[in-house]
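Here are the chains, one letter per residue:
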Amino acid sequence: MDEIIGPVRQYILDTVLRGEDPSALRSDTPLISGGILDSLATLELVSFLEQRFGIQLEAHEVDAERLDTLSAIAALVQGKSARV
Amino acid sequence: MTDASIAAAGIAGSRARAEPAVSAVRLAGLAIQLALAVGVIWFLQVEGAGFRRLSLLILAGFIVHAVLPVAWRLAAFVTLSLVAIPLVLGVADGAWLVGAASVLAGICLAPVPIRWRVGLLAAAGALLALMRAGVLLDPLPPIVWPILGAMFAFRVLVFLYDASHATQPVAPLKVLAYFFLLPNVCFPLFPVVDFKTFDRSYYDDDAFAIYQRGLSWIARGLLHLVLYRVVYHEITLDVTQVQTGGDLVRYVFTVFLLYLRVSGQFHLIIGVLLLFGFNLPETNHRYYLSTSFTDLWRRVNIYWKDMMMKLVYYPSFFVFRRRWSQGRSLTLSIATVMAVTWALHSYQWFWLRGDLLLSASDALFWATLGVLVVWSSGRERQKGQAGRAPAGARGWQLRRGLGTLGVYSTISFLWSMWSAESIGAWLGAMGTLRQVEVTDVLPWLALAVAFVGITGWNWETAPFRVAFLDRLGPGLRTGALLTLLLLVGHPAVALRAGGVLTPYVVAVSKSGLNRADLNRQGRGYYERLNETGAGIGGATARRRDPTWTEINHTAAYRTRDDFLLGELVPNTSITYKRRQFTVNSRGLRDREYSLEKPAGTWRIAMVGPSDVMGYGVADDESFEAVLERRLARDGLSRRYEVLNFGVEGFSLLQSVLMAEQRALAYAPDVIMITVHDLDARLLDRHLRLAVEQGITIPWPEVAEIVARAGLQPGQSSDDMQRRLLGREQALSRIALGRLGRLARERGILVVAVGTRLPLEQPGEDVAGFMRVAEEEGLVVLDLLHVYDGLDESALTVTRLDHHPTAEGHRILAERLLAELKARPALLGLGPDSPAASAPR
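These protein sequence lines map, in sequence, to chains A and B.
Residues in the first sequence are numbered from 1 upward in steps of one, following the working numbering.
Residues in the second sequence are numbered from 1 upward in steps of one, following the working numbering.
No lab work stands behind these hints: they were computed from the structure.
All C-beta atoms, glycine included, are put in the ideal place defined by N, C-alpha and C.
A hint or two may mislead.
Unchecked claim - If we take Cβ atoms under 7 Å as the criterion, some of the chain B residues that face chain A in the derived model are: (1) M309; (2) F318; (3) F320; (4) P570.
As the list claims (entries may be wrong) - Chain A regions said to be covered by chain B (calculated; three or more residues, Cβ under 8 Å): (5) 34–43; (6) 47–61.
Start from the sequences and build out the full structure, keeping to the hints where you can.
Laid out in structure tokens, this is it:
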């Protein structure tokens, strides 16, 4: 999981949370429900995930259940990668 | 909990927390807060009689629900929701709603593939739409439609979307709970709860923490609704009231504050759902502090935004990106969302009100807002994600304050156009911009500076946390807020407030419409949608429905091509406002009278609008009829006849014309005319209609006023009303002065009766009309306080329609009789009576 969480965490720190304390972004920090990712940022994250991990997401998979935390994102990517 | 009990409780798939033993002390603390909220709802008459009854059910239901085993709670919630329906709507209407909703929910739960369910629901929806449009026979009671629409119009779309992508089956009880949401029966305007969130959030946190959050939101919702009353009654203006540049500035910058009603209702609704374990997110978030148009879109109605993202934004983005770049796809997706939002507002309007919303102002509003949001999101993309982080920079920033002011001003400006009856009326009001003077603008500039000062702080990081309040804890804070609301609504506080604060404090306890809206029953989009629920839960005949039409749309009324404009049709008998309505052979809503006055009879001719005619009551229940019976029963030394010349909607000018053309022929001894605040608007309406219909105005003084106001055929009714504003007192002087002269020439006594409708406090207009009557030599009877001290809400025919019930008429007749007895001359008794010296 760390090989997924690491790059995603760095992406979010670099783009959305620039200048924030990196330790505040834990694997269970709520990203969508906590207001860190808005709808634009969420779609940009989707594009990053697709390019970085070579997966294809569908519209109904873009929701707080699958993308709200780094752990959830990692699980989604892992599940998708396994099917590729 | 075992897996089996979790599944039975509908918590499967949820992150349900282990349930601690119910703490009696904590539960008592929550129950006290909820009891305080119920006290506020009852004391301030929040959201109608139905919601007041429902609030008691919520209080009792919450306590029982909280002590039940977790596995039973969802079933208890569904049961409570089903019980609420007949409690609020009555058994018959409630049965229709439960029946229709059960069919639709049954299709959602049918054990067939999702495409079959979609097809069946589409067919059912088409059938219902044809009924709602009046194409097919509509068996549903009118009050059921807006609630049924609120339950299914959007939620079924969300449910089908989630069901079609579900990875595990959903508990049927959860689906029933989702459609039969407890507070829905009182609120046609309902936040679009997301099914997946509803399912996932059920008891996903400590139960007491969820309950406490619910109570905090209920208190916040009540605060919004109280603030709304102050804005609605004392701060904002209607477009028809804009006379000067100062009025225009006030109208444009305050009209968006009316959205407090919607956010108040939404907080209340979601707060109630939290009390039953549905840990839903907030519906609105500090939307007056939005720093950009996209920020506003994200804050103002979060549930709507979430639905749009799920059903439109993401799916359309995934389609567009196959052809276009990411940036262009995002822009097109946002534009699609705004277009669909416009269409769905019309769709919502159709289900709630039964007609289509096709207006230029609506199209212009959504088109402009769409352009602003697309532009704003483009700017945010250019700035990069970090630049749009919700918290933003801490501390105070001038740029943030100015940005917030800019967003608020722009939206309020757009809202003022959207809320006006037509673009023409709005442009007419904008015409007063030429009259803006520095003194008009200075107070608003000062307010703008204060606004920038306050909103320049980053309120997301809570710059002014008060340590004392933090230490209180959420329970005590909520209790304190609710107690404060109870105190502010108390009449003693209003009396002691003193000075400039008094009207604002009094407005807190006003549950009805303001003056401008009483005249035309509602304004902007949300106010008019809320109207559909206004009659919910009232007593007999307390509902607005298509049969609740005005007299001029019935067979008992016909138009005329003179200044009287219309009259009652002789020898008609209809059911009007669900009461027998009979017109005699001479066109009076009364029994038959001979034209010639019988010897020894004292005749009183009553003229006036709906109250005299007996609107909403049966033939023998109007105060005119009751007065005649009481005079006969009291064994006075004369025989009395009271004749009813009242016609609904008649202005003072029409009533005086009626007295001239009809009443004088009956040789009355007294002519009685009622005056009210509403007469100002009836005068406006009368002259508007006369001008629109090209009718010659027979009285030169009136024609001159119309000419000076610049009334022309083709102007919008709001524009004409605005032009006539302030001329009503002069018009009343012409009418009442003419009546006084005519009567004096014939030795007839003329009485002006100042009265009011229940729930409506007398204003400046009626006081002015009574003063004019006195100056014109009329006897003035002050019945403005006739309903003081009574439960006035029980004396109106509906919540929105404040005409008195039969009991209200009886009270009015008794009081009028007492006033007449105190002045024997008006009853032809005593030495001062004209009849004593010269019997007629």
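Review point. Which hint numbers does the structure go against, in order from smallest to largest?
Key: 3 and 4
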